[in-house]
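My request is simple: use the sequences and hints to build the entire structure.
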Amino acid sequence: MAEKETVKRMVKLIFPQNLIREPVTFQMAKKYDIVPNIRRARVTETVGELVLELEGKEDNVEKGIKYLLEKGVEVKPIVGDIVD
Amino acid sequence: MGYVKGLKCRECGREYPKEPLYVCEYCFGPLEVIYDYSSIREKLSREIISSRAENLWRYQELLPIDGNPLVGLHSGFTPLVKADNLARELGVKELYIKDDSVSHPTLSFKDRVVSVAISKAKEFGFDTVACASTGNLANSVSAQSAQARIKCFVFIPADLELGKVVASLVYAPQVIAVEGNYDEVNRLCSEVANKYNWAFVNINIRPYYAEGSKTYAYEIVEQLGWRVPRHIIVPVAGGSLISKIWKGFHELKKLGLIDQVDARIYAAQAQGCAPVVTAIKEGSEIIKPVKPKTIAKSLAIGNPADGYYAFKTVMDSGGWGEEASDEEIVEGIKLLARTEGIFTETAGGVTVAVAKKLIEQGRIPPDELIVISITGNGLKTQEAVSSKLDKVMRIEPNLNFFEKEMKKRGGEKNGS
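Keeping their order, the protein sequence lines are chains S and C. Just so you know, the first sequence maps onto residues 138 to 221 in this note's numbering. Just so you know, the second sequence maps onto residues 20 to 435 in this note's numbering.
Calculated from the structure, these hints are not laboratory results. A few of these clues could be false.
In silico lysine to aspartate or glutamate, EDC-like type, Cα no more than 16 Å apart, as pairs [claimed, not checked]:
id, chain 1, residue 1, chain 2, residue 2
1, S, K203, C, E203
2, C, K266, C, D55
3, S, K145, C, E210
4, C, K101, C, E113
5, C, K307, S, E211
To give an idea of the chain S side of the interface with chain C (calculated C-beta under 10 Å), a few residues [stated by the list, open to error]:
id, residue
6, V172
7, E190
8, K194
9, I215
10, V216
Note that the Cβ used here is the ideal one computed from N, Cα and C, for glycine as well.
Following this line, the structure appears as structure tokens:
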């Protein structure tokens, strides 16, 4: 069977307060063999925002995003909502 | 012939050439068009602008095209209505409505941004434009693509009512109804934009497209006799319009066309989709996405691309943000119609309702100049108000019936 293609996805992660101190991104990267390349971040007392690129096998990136969503992290495309 | 220097990242300031790029490859920040203002300053004066045709291209030097505009030759320069009746009702002295509900050709402010986007797309050599939209944007892209003789794809969620698509379908674009939830439609469009060599107006053409919004600000200033309004209430969806109005005011100052920008800008959102207003009230520069639930569909953007910049505009200007419930939106639409004879869509109901609230709260003082932004036409969202209006007077074709009915309604005083 052919190897799944490597993909890169630009995303914005929004962490609720209870997850700011947890290494969720690291856990996701380790678990699904994803390279997270952090480009920008903003953190306040109550919320954190991380703009990064996720690189890995397509299936793994999908699973990694699902893992983050299940943890309670919002995963959004960096271009925002396109449907206007 | 244009005055565009290139693109610049709004986050890290890195500069890029004027190409169909939209994101900084270093920090993934959004890109914005930058101009050669010193050359524009030599070229533009109040007199020159005022002598030109009354459309948005009278400010062409401040728009990101190099050649002649192809579409939008009748767009923009919408009325700035002195709203004395509404002013009396709200207890304020000087109130204006900037009325894009009568914008040519598709009755919303989207005609401004799309005029620029399609002119630029043709200039870049694209043969196809695309957008993802449930309403005003789709209408304008479809209509103006037809005029520009360029292929057009419109992506919509498959569950959108057919009635909403007619005002796009009539111009014969390719309409693609995507089976999937809102997030899936967003994602598909992003993938299409990356793969196909199309001008996706609110993705890869976005830095150019968004510049069209500045004309809304230029016109207000010109129509006020080269004055910036002290207070302006602006609807926030993706957050682009409000930050471009701020940019527009400051450009006019930079060019010496006005002396100062002493405007306060207020963000207006619907209660069921108010991520920017929530951030303003909480003083948080991180915009938390929401799941929209409001009748104001044209403002139902839960994850606004320019949310942070909308927040920053409001804060920098010393303004504020407020939200309107569905009921208040309907009341806002009815209030504007009954006082000024202007039928706006739900987004206009939001700005009117929010203006009323801010005045009642004392955030906007009654004796200073106020502008309310009206960005779309009520004929497009009739379902929002149709069940909340007075019933019609139904009678037999007989004068007695008519007079009886008039008496019942206390309307005989208006008769002869």
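Structure-based check of each hint:
no.	hint	in the structure
1	S:K203 with C:E203	holds (14 Å)
2	C:K266 with C:D55	holds (15 Å)
3	S:K145 with C:E210	holds (12 Å)
4	C:K101 with C:E113	holds (8 Å)
5	C:K307 with S:E211	holds (9 Å)
6	V172	violated (15 Å)
7	E190	holds (7 Å)
8	K194	violated (17 Å)
9	I215	holds (5 Å)
10	V216	holds (6 Å)
Violated hints, listed in ascending order, are 6 and 8; each of the other numbered hints is respected by the structure.
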